[in-house]
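K.L.:
So the sequences go chain by chain: A and B.
Just so we're aligned: 458 in the working numbering is position 458 of the first sequence, and the numbers increase by one with no gaps anywhere.
Just so we're aligned: 837 in the working numbering is position 70 of the second sequence, and the numbers increase by one with no gaps anywhere.
Don't read these hints as lab results, they were simulated from the structure.
Since we're looking at a predicted model, the values are computed, not measured.
Hints should not be assumed to be uniformly reliable.
To be verified - In silico lysine-lysine, DSBU-like type, Cα no more than 30 Å apart, as pairs:
| # | chain 1 | residue 1 | chain 2 | residue 2 |
| --- | --- | --- | --- | --- |
| 1 | A | 321 | A | 276 |
| 2 | A | 654 | A | 321 |
| 3 | A | 675 | A | 727 |
| 4 | B | 820 | B | 882 |
| 5 | A | 654 | A | 727 |
| 6 | A | 311 | B | 882 |
| 7 | B | 837 | A | 125 |
| 8 | A | 669 | A | 727 |
| 9 | A | 654 | A | 669 |
| 10 | B | 820 | A | 9 |
| 11 | A | 311 | A | 321 |
| 12 | A | 2 | B | 882 |
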Amino acid sequence: MKYDLNRLKEAMDERIPMIQPDEGLLDRAMAQGKRARYPARALTAAAACLLIVAVLGALIGKTPEGSGLKGMLQAASRGSDGQGAANTVRVEEPEDLSSYQHYSPDYAHSALPDEAEFGGVVIRKLNDADRLFAFLDKETGEEVIPGRFWQAYAYFPKTETGLVQLGNGQGLMLVDKNREFFDGAYSSFEYAGGGTAIVANRDEDETEPDPMYLISTADGARLSRDYEIIGTMRSGENRLLMGHDTQELNGEFDIMDLTGRVIVRAQDLGGLYFDKWLSVRLPGESWYCLMDLNGEILMDGTRFGHVGMEKDGYLVVTTDKGRGVIDSEGNWVFEPGTYLTIEIRENGLFRVMDRKTAEMMQVDARGVNVDTWRFRVDQAMAAAGEALGRWQEGLGKPGYILVYVLIFWLALRLGLARRSGELPHMLLSELGFAAYVVGLLSIGHWMGLDYVTIWPTDTSTEGAMGAAFSWYLTAYALLASMIVCYPRLRRPKPAFFAGMAVMLLPWIWKSLCADMTVAEWQTMSVTVFMGGALLAVLLFFVKPVGRFMDWCARFDALNEYARWVRVIWWAIAAAALINFGAGCWISGQELISATTHADVQRGVMGSLGNAWIDDVNRMLDDYPEDDFTSQVRSASGMSEREYTAIAAARYLHKNGVDRLTDDMVLRVKVTGTVKTRRPARVQMVIEPETDGSCQISAESGLALPDGTIEGSADFILLPGRPAPEMKVWLSISQLADRNLDIAAQYWYRADIGEISVPDLAPEDSPY
Amino acid sequence: MDAERVFHRYGGLMLRHAQLLMGQDSLAEDAVQEALIRVIRLNPQLRDENHEKAWLLAVTGNICRDFLRKAKRRRETRMPDWFDMPSPDSQPDEEAGQHDRDARLIRAVMALPVKYREPVLLTYYHELTNQQAAEVMGLTHAAFRTRLMRARDMLRMTLGEEAEL
Chain A
1 MKYDLNRLKE
11 AMDERIPMIQ
21 PDEGLLDRAM
31 AQGKRARYPA
41 RALTAAAACL
51 LIVAVLGALI
61 GKTPEGSGLK
71 GMLQAASRGS
81 DGQGAANTVR
91 VEEPEDLSSY
101 QHYSPDYAHS
111 ALPDEAEFGG
121 VVIRKLNDAD
131 RLFAFLDKET
141 GEEVIPGRFW
151 QAYAYFPKTE
161 TGLVQLGNGQ
171 GLMLVDKNRE
181 FFDGAYSSFE
191 YAGGGTAIVA
201 NRDEDETEPD
211 PMYLISTADG
221 ARLSRDYEII
231 GTMRSGENRL
241 LMGHDTQELN
251 GEFDIMDLTG
261 RVIVRAQDLG
271 GLYFDKWLSV
281 RLPGESWYCL
291 MDLNGEILMD
301 GTRFGHVGME
311 KDGYLVVTTD
321 KGRGVIDSEG
331 NWVFEPGTYL
341 TIEIRENGLF
351 RVMDRKTAEM
361 MQVDARGVNV
371 DTWRFRVDQA
381 MAAAGEALGR
391 WQEGLGKPGY
401 ILVYVLIFWL
411 ALRLGLARRS
421 GELPHMLLSE
431 LGFAAYVVGL
441 LSIGHWMGLD
451 YVTIWPTDTS
461 TEGAMGAAFS
471 WYLTAYALLA
481 SMIVCYPRLR
491 RPKPAFFAGM
501 AVMLLPWIWK
511 SLCADMTVAE
521 WQTMSVTVFM
531 GGALLAVLLF
541 FVKPVGRFMD
551 WCARFDALNE
561 YARWVRVIWW
571 AIAAAALINF
581 GAGCWISGQE
591 LISATTHADV
601 QRGVMGSLGN
611 AWIDDVNRML
621 DDYPEDDFTS
631 QVRSASGMSE
641 REYTAIAAAR
651 YLHKNGVDRL
661 TDDMVLRVKV
671 TGTVKTRRPA
681 RVQMVIEPET
691 DGSCQISAES
701 GLALPDGTIE
711 GSADFILLPG
721 RPAPEMKVWL
731 SISQLADRNL
741 DIAAQYWYRA
751 DIGEISVPDL
761 APEDSPY
Chain B
768 MDAERVFHRY
778 GGLMLRHAQL
788 LMGQDSLAED
798 AVQEALIRVI
808 RLNPQLRDEN
818 HEKAWLLAVT
828 GNICRDFLRK
838 AKRRRETRMP
848 DWFDMPSPDS
858 QPDEEAGQHD
868 RDARLIRAVM
878 ALPVKYREPV
888 LLTYYHELTN
898 QQAAEVMGLT
908 HAAFRTRLMR
918 ARDMLRMTLG
928 EEAEL
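With the rest of the complex left out, here is chain A (with noise of 0.2 Å):
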């Protein structure tokens, strides 16, 4: 039967009646059209530009400590020197023929050769479907061990010597070219460099962790004692190995070298420094001592607050004097009080403040100013982003975001943002606008002097920050630019040009500044996003294109009436599903106990020293009224305790407080023991809930499985305030296989408890 689509107009035209418009509709169209709702869907677009940017920023960062912007994170709270940064990777070494030839630990078997020959061994494999490999006698092909069969090998081929898995899952053993077995069946294997590896001895009683220890790759002597784990760290050719055994040492930990060696007994490790020197905080001691790879200490028993950054051959280095520089031979290059901050730039230039005029300098190693123009940039760039802090501070949070939140409406009623073209893009011209409304807050919130004040200082940490933040900002920028910039899809250039400037403009800054600082940072976020904001505004005024909204729309993954935005959700769900249930995973393996106990006292200073208060009083007697938020706002290669002590007088003066003493400085230690379910990592952190204090120094204790940890934070009080509330969490890394580094990869916060800080302000205090 023929049907004859072409009649259907007229078809249903007769059949079906037709409705007529009716005047009302129009006017009911005409009253509701003019009625904002601009604010609900910025909310909404604000929020969807926050999460998109989060994704992104997880999706785009990869650091070998962790994935995403957590791991960047890390990575940068860890720093490249400190004890953090221990780890115990499976190191490829092309250039070290000890390392594997063949291995695959975890049963997929898909990188090993069906047959493998090393000492007048064959290994071969059986068959596909057990994946099993025997070790066969190269010349009679006889089984060698009959009726043993492996999983996995390895072979080291500078000692001969390799690696198998148990055909039934029960362990790794080393064996020789003599085919003879040693002793043991290992439940983990490391290699650890220069032909030693760290090994753990299987234990049948699974309830107890498996001692761990050093062994040579060559005849599998053991070389160390056992531990509860071994980390370790590496410089160059050089590596220490760090040995805990919390139940034995308490958070002390031996420190070795590759022979096994114990070089000291130490309470912390601050890095290995031109692959020869240590600083080491020993048992009981505040300080750090610089010392060698023999144990001895160097520079007539210095004692440093902070060691680090190296760079070029010189070593920045912090005494109770102030910040000084070393070279690699051990002389001072400037002793510390030279210059109030120093910071190691490129080409053997540094960057210090001049004690008595405060002005920033550029000088070589022998203090001769060498002011270049690209300083004179970064000076400006600073300014800049001082200016623009000091304004965002004057307006505060709110006052800024009500700013820019005007300036959007203002463009909306003025008819800017609705200059649009055939596209109905108004929703994405707001989202635009909410993006940089949202990322000015991000970024207020990250440059407030409030979180500033409280940061750790280390400069190498500034700069990872810097860095993993500019990936963030670019990902956002690019994205808000293109979100801008859609509208209308006739002139692909401008916008290319523009996405390509916003994403390449965080390496030309890095470029120009080789370590970056919180200034310089701050400065970069404000440029790359203000910047990226900018160009992207000003494109869409004059039509812009993007391409590759272009290509999204073509291919249907958005399409031209704003019908992206579900994609958006479906984003959003699925990272929220992600980070929850990875966290509620997390969470549920790991802690199963936590006892604490808390101890409140007055007037000690921890690491910084009773000398600090002085260091805060003279500030407060020598700095010009309201100099504090830019001494802050350029910290750069300041020593903790310098730091530290700006923020504090920043704080008092802020308070009307012009003299520090040791009753205002509570110690707050908290003391307890943890038990995990597996091996984890566990630090405390102490923070005040609640405003009324200054946090000026904290340090976390370190806990293995089950057992002890000890935290402090020191805080300013002031008298006539309300103590504040403090919280007490942990952060428990997951240890992987004992290996510190994949630790980085997972954690999560377990808050144990809440502290009340009592009143120790005395009554008839003078303030």
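Assemble chain B onto chain A, guided by the hints.
P.N.:
Chain B in isolation, oriented as in the chain A frame:
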């Protein structure tokens, strides 16, 4: 784009498109009202009448789909009360006249999921070219042709294997 001019010039067209997509007169009026609100808010400047018509059909179609989604409608739209004609899957009558064939065809079209009904309506009712209809639906030309082809296949299945379209 002036809303009043749009209403007087394209109001009937938009209403008809919404009516045929949703099958409910009251919903169709709501959809057109919403489309006019968007015209007022966005005030798009379009090149010519063809673009205006395409843009308005697209916006109306999007709103209709949103309405249908919100109403949790299934793919098959309920037939309106005023539409009483032979079911398309009733036994085809060789002797049936053009009148009956038209009725079955309309019923089959209206029974298509909105996703497939829209290309049929845009092509055969609004008489847009494939390129124009693809733009209205936010599809590539190829994707639109695929969708239209599937719609015709579905019609053929509904009307019977012997049906020729």
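K.L.:
For every hint, state whether the structure bears it out.
P.N.:
Results of checking the hints against the structure:
1. A/321 <-> A/276: Roughly 25 Å separates the two Cα atoms, so the pair holds.
2. A/654 <-> A/321: 27 Å, holds
3. A/675 <-> A/727: Distance of about 20 Å is within 30 Å: holds.
4. B/820 <-> B/882: 20 Å, holds
5. A/654 <-> A/727: 25 Å, holds
6. A/311 <-> B/882: Distance ~64 Å between residue 311 of chain A and residue 882 of chain B Cα, so the pair is violated.
7. B/837 <-> A/125: 60 Å, violated
8. A/669 <-> A/727: 12 Å, holds
9. A/654 <-> A/669: The given pair, whose Cα atoms are some 27 Å apart, holds under the 30 Å limit.
10. B/820 <-> A/9: Roughly 17 Å between the alpha carbons, so the hint for residue 820 of chain B and residue 9 of chain A holds.
11. A/311 <-> A/321: OK: residue 311 of chain A and residue 321 of chain A at ~22 Å, within 30 Å.
12. A/2 <-> B/882: Roughly 24 Å separates the two Cα atoms, so the pair holds.
Checked against the numbered hints given earlier, the structure breaks hints 6 and 7 and satisfies all the rest.
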